[in-house]
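Participant: Chain by chain, the residues:
2 protein chains.
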Amino acid sequence: MARWQPYPSERLVLAALDLFEERGYEKTTVMEIAERAGLTKSTFFRHFADKREVLFGGDTMAGLLADWIEMAPEGATALEAVAHALDAVGRQAFTPERREFSFRRRAVIGANPELQEREALKGLALTAAMTEALERRDTPALTACVAAQLGALALKIAYERWSHTLGDSDFGELARRTLRELQTTSEEL
Amino acid sequence: MARWQPYPSERLVLAALDLFEERGYEKTTVMEIAERAGLTKSTFFRHFADKREVLFGGDTMAGLLADWIEMAPEGATALEAVAHALDAVGRQAFTPERREFSFRRRAVIGANPELQEREALKGLALTAAMTEALERRDTPALTACVAAQLGALALKIAYERWSHTLGDSDFGELARRTLRELQTTSEEL
DNA sequence: TCGGTTGATGGGACCAAGTGCCATAACATG
DNA sequence: CATGTTATGGCACTTGGTCCCATCAACCGA
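Read top to bottom, the protein sequences are chains A and B.
Numbered per my numbering, the first sequence finishes at 1084, counting up by one with no gaps.
Numbered per my numbering, the second sequence finishes at 1084, counting up by one with no gaps.
Derived from the structure by calculation, the hints contain no laboratory data.
Please note that the accuracy of each hint is not assured.
Copies of the same chain look alike in the list, so a pair counts if it works inside one copy or between any two.
Heads up, simulated SDA-like pairs for lysine to any residue below, C-alpha to C-alpha not over 25 angstroms straight-line [what the hints assert, rightly or not]: (1) Lys936 <-> Glu916; (2) Lys1017 <-> Thr935; (3) Lys946 <-> Leu1016; (4) Lys922 <-> Ala944; (5) Lys1017 <-> Glu1055; (6) Lys946 <-> Leu1019; (7) Lys936 <-> Glu917; (8) Lys946 <-> Glu1055; (9) Lys1051 <-> Ala1036; (10) Lys922 <-> His979; (11) Lys922 <-> Glu975.
Please construct the entire structure, taking both the sequences and the accompanying hints into account.
Facilitator: Below, the structure is given as structure tokens:
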């Protein structure tokens, strides 16, 4: 029998999500998470920087968004580039098999301020990444800032809607529709 | 001689700011902060919920903004109500004598991710408070959301500019001008 | 097949954040 | 002067997080 079972960090994530749902985030210790995953506290902190990060691990999102913004067609406006990126990221990261996990994750985060704090920070990083990517496309600073802000907001709202969906709705389409709504809203201010 | 010196939490805040500047946030312990203020660790946690909160204490901002948004003139648009609130809050909270403190505080926060995380959370709370206040003025949900977002962004940018100012510039005017810039920017998206 | 190297894990000591409880000293009030 | 209230000090305790070292599985070359 192999002593090292495969996918240690995935096991840790699932164990953590289970326990957070059962007893709540605060009443769950890192040792308990590790034990349920068949590992130890030491190993937990080798895979995640801290207890919160176990729910924010696969953190390639900011980079992905930035890449896709830069790869958008030459003539595209700032918002079009953002829409392009949302669509691409939707296909890559928001696959149907991840929807249930996202739903459970959202509920746990919504129940705990400490986790919301981490999520807020990730949101800032996301906006910053998009802003910089737009600026590399020679979008003026303020325009980049506002477009990124609207993009992040659209992402957040779309994520909320998507994770509540029952059928296999396409995240990209949801996000693009949301972004258009936000755009018309901002024009009517 | 009185054993209880006045303004314990103010002393704690200043002691903390000093130490954070000297050795950095992480290398400063709560005990050191308390001792420099002539108090103890126990007392520190009686005044602040945690170590980070010592820099985010006077946290009436969200409430103030919400109040002023609701008190804005009847016929005002969402953005005008926000501008009204920014102006009022500027007079109340961003007084000239607080400018130097704000500058030092900003530098410390900018140097530490843990503090940026807390700031991000406060930012979310601010946006949420403004959104809800706008909705109580019968602003449609999406409009309220976008207007609050722009307001929060304007506040952030204006705060940055203001804390770097040397003269006694008026925060309210700065914020309103910033908000107008953001509005025209968003119209040209 | 064997022995050495590499990388992931286990384990324990350790520090600091944060909680809870209780004693006590200062303040206010009669 | 006696009494109750409030802020503080002090201590024990749990937990998150760091560091270091021993160990064990897997891989690799001879």
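Participant: None of the hints should be skipped; say for each whether it holds.
Facilitator: Cross-check of the supplied hints:
Taking the closest pair of Cα atoms, Lys936 and Glu916 come within 25 angstroms of each other only inside a single copy of the chain (20 angstroms); across copies the shortest separation is 33 angstroms, beyond that limit. When the C-alpha separation of Lys1017 and Thr935 is checked against a cutoff of 25 angstroms, the pair qualifies neither within a copy, at 27 angstroms, nor between copies, at 34 angstroms. With identical chains, the CA atoms of Lys946 and Leu1016 are at most 25 angstroms apart both within one copy (15 angstroms) and between copies (18 angstroms). In this assembly of identical chains, the alpha carbons of Lys922 and Ala944 lie at most 25 angstroms apart whether taken from the same copy (19 angstroms) or from different copies (18 angstroms).
For the identical chains of this complex, Lys1017 and Glu1055 are neighbours both inside a copy (16 angstroms) and across copies (21 angstroms), given an alpha-carbon limit of 25 angstroms. Taking the shortest Cα distances, Lys946 and Leu1019 sit within 25 angstroms of each other both inside one copy (20 angstroms) and across copies (22 angstroms). Taking the closest pair of Cα atoms, Lys936 and Glu917 come within 25 angstroms of each other only inside a single copy of the chain (20 angstroms); across copies the shortest separation is 33 angstroms, beyond that limit. In this assembly of identical chains, Lys946 and Glu1055 lie within 25 angstroms of each other by CA distance solely inside one copy; the values are 24 angstroms within and 32 angstroms between copies.
Within a single copy, Lys1051 and Ala1036 get their C-alpha atoms as close as 22 angstroms, and across copies as close as 15 angstroms, so both meet the 25 angstroms cut-off. For the homomeric pair Lys922 and His979, neither the shortest alpha-carbon distance inside one copy (41 angstroms) nor that between copies (44 angstroms) is at most 25 angstroms. Neither within a single protomer nor between protomers do Lys922 and Glu975 lie at most 25 angstroms apart by alpha-carbon distance, with minima of 44 angstroms and 45 angstroms respectively.
When held up to the earlier numbered hints, the structure conflicts with 2, 10, 11 and fits the remainder.
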